[in-house]
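Peer 1: Residue-level listing of the chains:
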Amino acid sequence: MTFLLHRWYAAAWNDEILAGEPLYRRILGHAVMLLRDADDTVTALPNRCPHRFAPFDRGVVKDGTIQCGYHGLEFDYAGRCIFNPHGDGKIAPNAHLKPWPLAERFGMQWIWMGDPALADPSLIPDYGNVFNPELKTIRRYLHTESNYELVADNLLDLGHTAYLHGSSLGSRAIIQSERKVKRIGDDVVYELDAPGGEAPPLFQEVMPWYRNAKVDHWMTSIWRAPGQIQQQIAFATAGANRENADILEGLHLLTPETEKSTHYFTALSRAFRKDDETVDRTLYEGGKKAFTEEDFPMVEAIQREIGDRDFWEMRPLILSVDAGAVMARRILKRKLDEERGATEAA
Amino acid sequence: MTFLLHRWYAAAWNDEILAGEPLYRRILGHAVMLLRDADDTVTALPNRCPHRFAPFDRGVVKDGTIQCGYHGLEFDYAGRCIFNPHGDGKIAPNAHLKPWPLAERFGMQWIWMGDPALADPSLIPDYGNVFNPELKTIRRYLHTESNYELVADNLLDLGHTAYLHGSSLGSRAIIQSERKVKRIGDDVVYELDAPGGEAPPLFQEVMPWYRNAKVDHWMTSIWRAPGQIQQQIAFATAGANRENADILEGLHLLTPETEKSTHYFTALSRAFRKDDETVDRTLYEGGKKAFTEEDFPMVEAIQREIGDRDFWEMRPLILSVDAGAVMARRILKRKLDEERGATEAA
Amino acid sequence: MTFLLHRWYAAAWNDEILAGEPLYRRILGHAVMLLRDADDTVTALPNRCPHRFAPFDRGVVKDGTIQCGYHGLEFDYAGRCIFNPHGDGKIAPNAHLKPWPLAERFGMQWIWMGDPALADPSLIPDYGNVFNPELKTIRRYLHTESNYELVADNLLDLGHTAYLHGSSLGSRAIIQSERKVKRIGDDVVYELDAPGGEAPPLFQEVMPWYRNAKVDHWMTSIWRAPGQIQQQIAFATAGANRENADILEGLHLLTPETEKSTHYFTALSRAFRKDDETVDRTLYEGGKKAFTEEDFPMVEAIQREIGDRDFWEMRPLILSVDAGAVMARRILKRKLDEERGATEAA
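As they're listed, the protein sequences go chains L, W and D.
No gaps in the numbering here: position 272 of the first sequence is 271 in numbering that gives the first Met the number 0, and each next residue is one more.
No gaps in the numbering here: position 171 of the second sequence is 170 in numbering that gives the first Met the number 0, and each next residue is one more.
No gaps in the numbering here: position 105 of the third sequence is 104 in numbering that gives the first Met the number 0, and each next residue is one more.
Keep in mind the hints are simulated off the structure, nothing from the lab.
A few of these clues could be false.
Any copy will do: because identical chains look the same in the list, a pair fits if it lies in one copy or spans two.
[Claimed, not checked] Dumping the calculated BS3-like pairs for lysine-lysine here, alpha-carbon to alpha-carbon at most 27 Å: (1) Lys181 x Lys89; (2) Lys179 x Lys89; (3) Lys288 x Lys273; (4) Lys97 x Lys334; (5) Lys273 x Lys181; (6) Lys89 x Lys61; (7) Lys287 x Lys135; (8) Lys273 x Lys135; (9) Lys179 x Lys332.
A quick note: this is a predicted structure, and the numbers were derived from the prediction, not measured.
Whole structure, please, built from the sequences with the hints as guidance.
Peer 2: Have a look at this one:
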């Protein structure tokens with residue numbers, strides 16, 4: 000296992016979990032069921048009956064009650080076993096479903112897969128910049144058949160954009176840009192400055208005032224373990240006062256499904272053309288295309304080549320573009336070792 | 000391996016093995032070929048040439064002779080190598096196919112996969128109650144992608160019928176019924192009594208005199224290692240003399256194909272409406288639907304969730320409905336340990 | 000691994016590698032890319048960027064340059080990294096792709112997967128008899144999902160032809176033929192003499208003068224480790240002077256793709272009807288059919304039955320037809336042990 004347990008993971012956007020319609024999603028290898036009750040409370044329970052491991056998606060889950068389709072054990076949305084139709088009907092203490100702690104923040108549900116006693120919602124990083132109500136935010140859920148560290152590597156390096164995303168997110172300006180990587184606490188901060196170049200095609204499309212123009216383009220990405228990347232993407236007319244820049248606030252949240260597959264949540268917020276739905280659509284579809292048609296096929300091909308091998312034992316060549324990814328992988332490795340050590344000590 | 004070797008396993012219904020048409024079936028992991036010769040003798044041979052392991056189903060098997068499709072070695076239906084077209088034509092002692100002992104009983108072929116010296120047909124349990132010529136018997140062969148113990152668990156617990164088989168084999172009366180489980184020797188005996196309720200839909204259909212009526216319904220199931228479950232299913236008008244009951248004699252024989260798949264033979268016999276073929280069809284199709292559309296998808300989903308893990312190490316919650324299944328699993332476990340011990344000692 | 004490293008393996012026919020169109024082929028488990036430059040020089044490079052293991056087939060490979068599709072590293076066809084678009088553009092010594100030695104001989108490219116210092120092209124066996132410019136040669140590339148030793152076994156035994164290839168390459172004469180197997184150095188020489196019988200159907204078709212005639216048919220096959228089988232196939236009117244025989248010179252080169260799949264190169268040369276393209280087509284299609292519809296399905300069924308087991312631990316029955324195959328397997332085993340020993344000592 001290469002998963003940190005004592006972390007909040009993005010589990011679902013709020014609107015993915017409808018009242019009366021459970022969302023079944025494997026998270027860190029566990030079959031999870033996300034439920035919204037009539038009072039709008041959301042809970043995360045195992046999608047697996049404790050009796051004989053039947054998945055509840057073969058039963059009846061609605062109106063605040065989960066009925067196993069195999070033997071009719073019933074549970075409420077808090078996981079309590081409330082009805083045993085068999086024998087004397089007694090309910091054993093281990094009949095209850097153990098909920099995973101959830102916290103609602105920024106329009107999404109965050110799940111804690113480790114020791115519930117340690118699940119402090121204040122540990123969820125502050126992404127208020129992205130989910131600022133003054134801005135217009137678009138959100139996406141995507142899925143890829145690759146390990147979450149490979150996806151984080153991809154997000155932490157912008158050197159690939161000119162090659163993989165030439166017609167969408169990349170530009171020659173980015174590749175020639177100056178970049179700095181630094182470590183602040185356990186975060187990795189990646190800064191890029193591309194002055195006087197062209198804006199990437201997708202951004203020219205939604206900010207036509209930068210079309211065919213000299214543009215100052217700069218970005219800051221902050222990686223946090225285990226796989227959260229916040230991005231500030233800025234544009235200004237070349238040489239103009241950067242305080243008047245057009246800024247997009249982006250967020251990428253990676254939640255391991257298994258060792259070789261990842262749930263991928265992204266948000267992108269803007270102050271410009273907030274009410275123009277064509278901009279929403281363009282950013283939504285353009286980003287989706289870049290991820291699913293450009294990044295994922297590449298990262299998934301790499302995942303297949305790696306197979307079950309260890310990434311470092313394959314001795315990758317390190318380039319300057321990898322400074323952020325390597326730093327992040329080292330921090331993550333240390334945290335995994337620490338967590339394992341703490342678990343074994345306890 | 001979790002298979003008992005020194006047991007008779009149901010291999011095929013007689014009518015599955017036609018003269019001149021070998022039946023290829025994997026049993027306890029072995030590629031088996033069941034053959035009927037012109038004199039109606041049936042033999043079980045490896046479907047694998049001893050020379051280079053070519054499957055005989057790529058050769059020519061007919062008229063009492065098995066010719067390997069690769070090099071033309073020929074065998075008779077007793078497994079004797081009778082022709083070596085190569086070199087001096089000599090036939091080495093290890094060229095012969097080692098037949099597995101077979102015994103014909105109750106209209107089916109039983110196979111012994113262990114030491115042939117121990118293959119005593121009198122060890123086949125007496126299922127004369129089911130295969131009573133006075134009764135009308137329907138027979139079925141089905142197949143499921145799940146371990147045979149999971150299927151036996153299913154058959155040994157009737158608590159699931161109201162949930163999984165609400166429209167076919169289940170009833171509220173069954174779920175509220177009194178049940179007793181006891182051990183008699185190494186058999187598990189499961190008794191259920193559901194007085195004054197409704198008959199399950201499938202039985203109302205074939206015994207219309209119980210439609211919309213108060214019915215006394217009772218059942219006895221007897222499990223025998225490794226996976227044989229005999230059932231007596233009885234109905235009588237509520238409060239009437241139970242000696243006049245309508246009784247169905249059922250049998251379920253589970254033969255492992257692999258660790259994760261099972262051959263499933265069932266028989267169901269009745270004294271009522273013996274000549275009415277619509278009853279045959281209703282019972283055949285109704286039972287088939289209950290197994291293949293209700294039980295198997297559930298048990299196969301559980302098998303996938305379990306994967307390669309050990310059932311007990313997953314710590315299932317034990318309910319009263321499991322009394323029989325748990326008792327059976329323990330007896331089977333002890334027998335497996337005994338057989339392994341005996342093998343290692345020898 | 001059961002592959003000899005210090006051997007030349009057939010990698011591709013020359014005409015499979017077009018200028019500007021790289022050929023991607025997995026060889027001995029490695030992702031290989033075969034490239035032809037404008038000067039007609041062919042090189043073999045890893046189809047895997049040393050940076051992050053992206054396959055180059057997702058990049059741009061043309062005009063003597065290999066550009067990784069992920070981060071734009073560029074290489075020339077000799078494997079030298081010639082451009083790093085990132086940072087200071089420096090190129091680390093381990094950024095270069097390590098080419099595998101190639102040698103062009105007999106119209107094909109031979110690859111050396113072991114220590115390049117030992118790659119002496121003079122070690123390629125002399126197949127000038129087959130690739131004799133006086134003869135007309137047809138060539139084939141085929142692929143099978145089975146281990147290369149199983150395919151070599153098949154080629155080294157002609158006892159199977161009457162059974163598997165009755166309507167193509169086999170004859171009763173072959174099965175009744177006298178055969179001799181001898182070892183010459185580390186080669187296995189297999190000789191067959193079938194005088195006064197019928198020619199196999201495919202050969203009757205292309206040499207109509209042997210139709211419905213008594214024919215002397217003889218063959219010599221020479222196996223060389225790890226999997227090269229040269230064949231001389233001769234026909235003459237029964238009793239005639241064998242010096243006037245019609246001779247086909249055949250070659251079979253087996254290159255492991257993985258432990259369970261094989262690249263299969265064959266050539267067949269003749270002096271008769273050299274300019275008749277219908278003969279080319281008949282031999283090409285007839286041989287292809289025999290391999291892909293007769294041999295491969297059999298050998299692949301055997302591969303599936305064997306699975307991950309060791310062939311010898313399954314205790315195959317040895318027949319006279321296996322004399323050559325067994326001798327070859329033993330020589331190969333010894334060579335594998337020697338190579339492993341030498342590697343461990345070094």
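Peer 1: Now, for every hint given, state plainly whether the structure supports it.
Peer 2: Here's how the hints hold up against the structure:
In this assembly of identical chains, the alpha carbons of Lys181 and Lys89 lie at most 27 Å apart only when taken from different copies (21 Å versus 59 Å within one copy). Taking identical chains as interchangeable, the C-alpha atoms of Lys179 and Lys89 lie at most 27 Å apart only when they sit on different chains, with a minimum of 17 Å there against 63 Å within one chain. For a Cα distance limit of 27 Å, the shortest separation of Lys288 from Lys273 inside one copy, 22 Å, qualifies, whereas the shortest one across copies, 55 Å, does not. Proximity of Lys97 to Lys334 under the C-alpha cut-off of 27 Å is restricted to the intra-copy arrangement: shortest distance 26 Å within a copy versus 35 Å between copies.
Taking the closest pair of Cα atoms, Lys273 and Lys181 never come within 27 Å of each other, the shortest separation being 33 Å inside a single copy and 72 Å across copies. When the C-alpha separation of Lys89 and Lys61 is checked against a cutoff of 27 Å, the pair qualifies only within one copy, where the shortest distance is 23 Å, while the shortest distance between copies is 61 Å. In the homo-oligomer, the alpha carbons of Lys287 and Lys135 lie at most 27 Å apart inside one protomer (18 Å), although the nearest pairing across protomers, at 56 Å, exceeds that limit. Proximity of Lys273 and Lys135 under a CA criterion of 27 Å is satisfied intra-copy only: 5 Å inside one chain copy versus 73 Å between copies.
For a Cα distance limit of 27 Å, the shortest separation of Lys179 from Lys332 inside one copy, 22 Å, qualifies, whereas the shortest one across copies, 55 Å, does not.
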